[in-house]
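Q: Sequence:
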Amino acid sequence: MASFERLISRTVGALAFLLILTASAPSMAQQDQVNPTASSVREQQLLQEFDRIQGRVSIPDQRSSVLVQPAGREWREFRTVALRWVGGIAVLGMLAVLLIFYLTRGMVRLESGRSGRTIVRFTTFERFVHWMTATCFIVLAISGLNITFGRPLLLPLIGFEAFSEWSQWAKYAHNYLSFPFTIGVVLIFLMWLAGNIPNKVDVDWLKRGGGIVGHDQPPAYRFNAGQKAIYWIVVIGGGLVAATGYQLMFPFYLSGIEGMQLAQVVHSVVAVLFIAAMLAHIYIGTIGMEGAFEAMGSGTVDVNWAKEHHSLWLEEESARTGPNDARRQPAAAPAE
Numbered sequence: 001m002a003s004f005e006r007l008i009s010r011t012v013g014a015l016a017f018l019l020i021l022t023a024s025a026p027s028m029a030q031q032d033q034v035n036p037t038a039s040s041v042r043e044q045q046l047l048q049e050f051d052r053i054q055g056r057v058s059i060p061d062q063r064s065s066v067l068v069q070p071a072g073r074e075w076r077e078f079r080t081v082a083l084r085w086v087g088g089i090a091v092l093g094m095l096a097v098l099l100i101f102y103l104t105r106g107m108v109r110l111e112s113g114r115s116g117r118t119i120v121r122f123t124t125f126e127r128f129v130h131w132m133t134a135t136c137f138i139v140l141a142i143s144g145l146n147i148t149f150g151r152p153l154l155l156p157l158i159g160f161e162a163f164s165e166w167s168q169w170a171k172y173a174h175n176y177l178s179f180p181f182t183i184g185v186v187l188i189f190l191m192w193l194a195g196n197i198p199n200k201v202d203v204d205w206l207k208r209g210g211g212i213v214g215h216d217q218p219p220a221y222r223f224n225a226g227q228k229a230i231y232w233i234v235v236i237g238g239g240l241v242a243a244t245g246y247q248l249m250f251p252f253y254l255s256g257i258e259g260m261q262l263a264q265v266v267h268s269v270v271a272v273l274f275i276a277a278m279l280a281h282i283y284i285g286t287i288g289m290e291g292a293f294e295a296m297g298s299g300t301v302d303v304n305w306a307k308e309h310h311s312l313w314l315e316e317e318s319a320r321t322g323p324n325d326a327r328r329q330p331a332a333a334p335a336e
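Count the sequence shown with our numbering and you get residues 1 to 336, in order.
If you are wondering where the hints come from, they were derived from the structure by calculation, not from laboratory data.
Be a bit skeptical, because a hint or two may be false.
[Claimed, not checked] Here are the computed lysine-lysine pairs in the DSBU-like style, where the Cα-Cα straight-line distance is at most 30 Å:
(1) Lys307 - Lys200
(2) Lys228 - Lys307
(3) Lys228 - Lys200
(4) Lys207 - Lys307
(5) Lys200 - Lys171
When you get a sec, could you build the whole thing from the sequences and use the hints?
A: As structure tokens, then:
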């Protein structure tokens, strides 16, 4: 009788244990799942469970319901670390190269001196388009570099209030001046396309150092190989920064958040490389070469300058207008 009671007791205990185990099985399974609407959820669980964390919104734009996108961490790492290295190396590296080059080579002087006669190189309209685009570019470059380098470099120097005010106006300038800059890039493309198609003369010009390395003066048409390179950098680089910039200025019209992140990466990388290339262009056009600034300053250049740097273009102009058409100007009086 006692053994029978023990058997019954053990049977009931085993059934009770199975019942408890069965009842607890769903809750144990739920421990491996994540309830996004729970009052407290660990962030790591959410990131492992979903590609993105998305909630619910009542406004028409459902894309605003995305709270966390893991790819955004990679984008933030690029913007705050990698981009600063790329931009710093490109811009500071170019400045260092130009400084070393100037200290070793100096200004490229006119070998034959000035003739006292000038020839028209750029029309008033061409110079207007150039300076409009250049002015907008300088403002866009400074305001754009502020986005990347302003917080770590400028903020500690001028303080929060001044940096906030400066950054706000820089943003307005960056946005609004992008429109005349884009117009300028389009006009530059149309105005000078015919003269910037690469040819065999450009290959010889590059082989001979373009008159920058050494004292050789290879022949060139209206635009030499170096100027053609700058032209295509402006057209392609300017086109890319404009297209990606407008995508960022008017978000979500063409793509989602992933597309905008890619647009920002392209925009910023192309922009800093663009700035580095334009530093070289500014150097050659100012202190790097004697007489070069006059082409975009007054629109005319000395005949000897044209003969040394663009001899083939001078021959074409002489054949078109006549050899005596260059305007004669009096020689400057010596300073006393």
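Q: Which of the numbered hints are not met once you compare them with the structure shown?
A: Failing hint: just 5.
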